[in-house]
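There are 2 protein chains.
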Amino acid sequence: MKITNFRAVEAREVDEPGAKGVKVRWLISEKDGAPNFAMRLFEMEPGGHTPYHKHEWEHEVFVLKGKGDLVTEGNISPLNEGDALLVPADENHQFKNTSEEAFIFLCMIPHRK
Amino acid sequence: MKITNFRAVEAREVDEPGAKGVKVRWLISEKDGAPNFAMRLFEMEPGGHTPYHKHEWEHEVFVLKGKGDLVTEGNISPLNEGDALLVPADENHQFKNTSEEAFIFLCMIPHRK
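Taken in order, these protein sequences are the chains called A and B. Residue numbers for the first sequence follow my numbering, so the first one is 1 and each next one is one higher. Residue numbers for the second sequence follow my numbering, so the first one is 1 and each next one is one higher.
Among these hints, one or two may not hold up.
As the list claims (entries may be wrong) - Computed list of lysine-lysine pairs in BS3-like fashion (alpha-carbon distance at most 27 Å, straight line):
| id | chain 1 | residue 1 | chain 2 | residue 2 |
| --- | --- | --- | --- | --- |
| 1 | A | K54 | B | K67 |
| 2 | B | K23 | A | K2 |
| 3 | A | K67 | B | K54 |
| 4 | A | K20 | A | K67 |
| 5 | A | K67 | A | K113 |
| 6 | B | K113 | A | K31 |
| 7 | B | K2 | A | K65 |
| 8 | B | K31 | A | K113 |
| 9 | B | K113 | A | K65 |
| 10 | B | K96 | A | K2 |
| 11 | A | K96 | B | K65 |
| 12 | B | K20 | A | K2 |
| 13 | B | K31 | B | K67 |
Please keep in mind that the hints were generated in silico from the structure rather than gathered at the bench.
Bound-form chain A, shown alone (with noise of 0.2 Å):
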C-alpha cells in the first residue's frame, strides 16, 4: 500500500532533448511495487513541451487542469481538462501548453519488459 499526495513528490525537470519546460512526478512506480504500469504526473510551463517522437509503449493520460495540444502526424488535437487519451504504441506524439497557465496531466505507461 502507497499513498502519496502529487505535491510530496520531488518534480524532475525533463532533460530529453526535444523537450522544454516541463517536469515530471513519478507518483507510482517499479520500485513502488507495481506490478505493471506506472503513474507520472508531468507540468508543463507555458511554451513548454515534450519531445515530437514514437516508442513501443503506450500512453494513456487524463487531463487535470490547463490546456494543450496533442500533435500526432497530420494531426493537432485540442486537449481540455477532464479529456482522457489513449496514445497507442509506434505513433508519433507531442503535447504543448498553448495556454498562458500550467498544463498538467497524468501520464500511465507499461513497465519496460
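Based on these hints, arrange chain B on the given structure of chain A.
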C-alpha cells in the same frame, strides 16, 4: 488514438454487492485498443462506498475531487484531492465518501489475462 472527455462517457451504476451510490465511467479499455491496462473514473455520492473486498489485481488510484477514506485490514486512511495510491493485489480494501460532496477518483487496473 482515442480522445474523449470523461463527461461524454456513460456513467453506469456499480451494482456489485456491497457497493452503494457509486457510478463508473470506463474511459479507456481493451475495446479502445489499450494493450495493457484500463482507466476508469468513479464518482461516489455522499454516504457512498465500494464493496469491502479483495481480488487478484492491483489498483492505481488518483483522487480528482472530494474526500474519502480507504479502508484496509486494520487501517483507515483519509484520501484527499491529489492523492495517488497503489492498492496491491490480494489486499482487502474499500473506498468510502466521507464528505458532503461527490468523491471522484481515477482507478487504473491491468487487463485480466
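Hints versus structure:
1. A:K54 x B:K67: Between K54 of chain A and K67 of chain B the Cα gap is close to 38 Å, so the pair fails against 27 Å, i.e. violated.
2. B:K23 x A:K2: With a Cα-Cα distance of about 24 Å, the restraint between K23 of chain B and K2 of chain A holds, given a limit of 27 Å.
3. A:K67 x B:K54: With a Cα-Cα distance of about 38 Å, the restraint between K67 of chain A and K54 of chain B is violated, given a limit of 27 Å.
4. A:K20 x A:K67: 16 Å, holds
5. A:K67 x A:K113: At roughly 33 Å apart (the allowed maximum being 27 Å), K113 of chain A and K67 of chain A break the hint.
6. B:K113 x A:K31: Holds, because 23 Å separates the two Cα atoms, which is no more than 27 Å.
7. B:K2 x A:K65: With Cα atoms ~19 Å apart, K2 of chain B and K65 of chain A stay inside 27 Å; holds.
8. B:K31 x A:K113: 23 Å, holds
9. B:K113 x A:K65: With Cα atoms ~34 Å apart, K113 of chain B and K65 of chain A exceed 27 Å; violated.
10. B:K96 x A:K2: 17 Å, holds
11. A:K96 x B:K65: With Cα atoms ~25 Å apart, K96 of chain A and K65 of chain B stay inside 27 Å; holds.
12. B:K20 x A:K2: Holds: K20 of chain B and K2 of chain A sit about 25 Å apart, inside 27 Å.
13. B:K31 x B:K67: 31 Å, violated
Hints 1, 3, 5, 9 and 13 from the earlier list are contradicted by this structure; the remaining hints agree with it.
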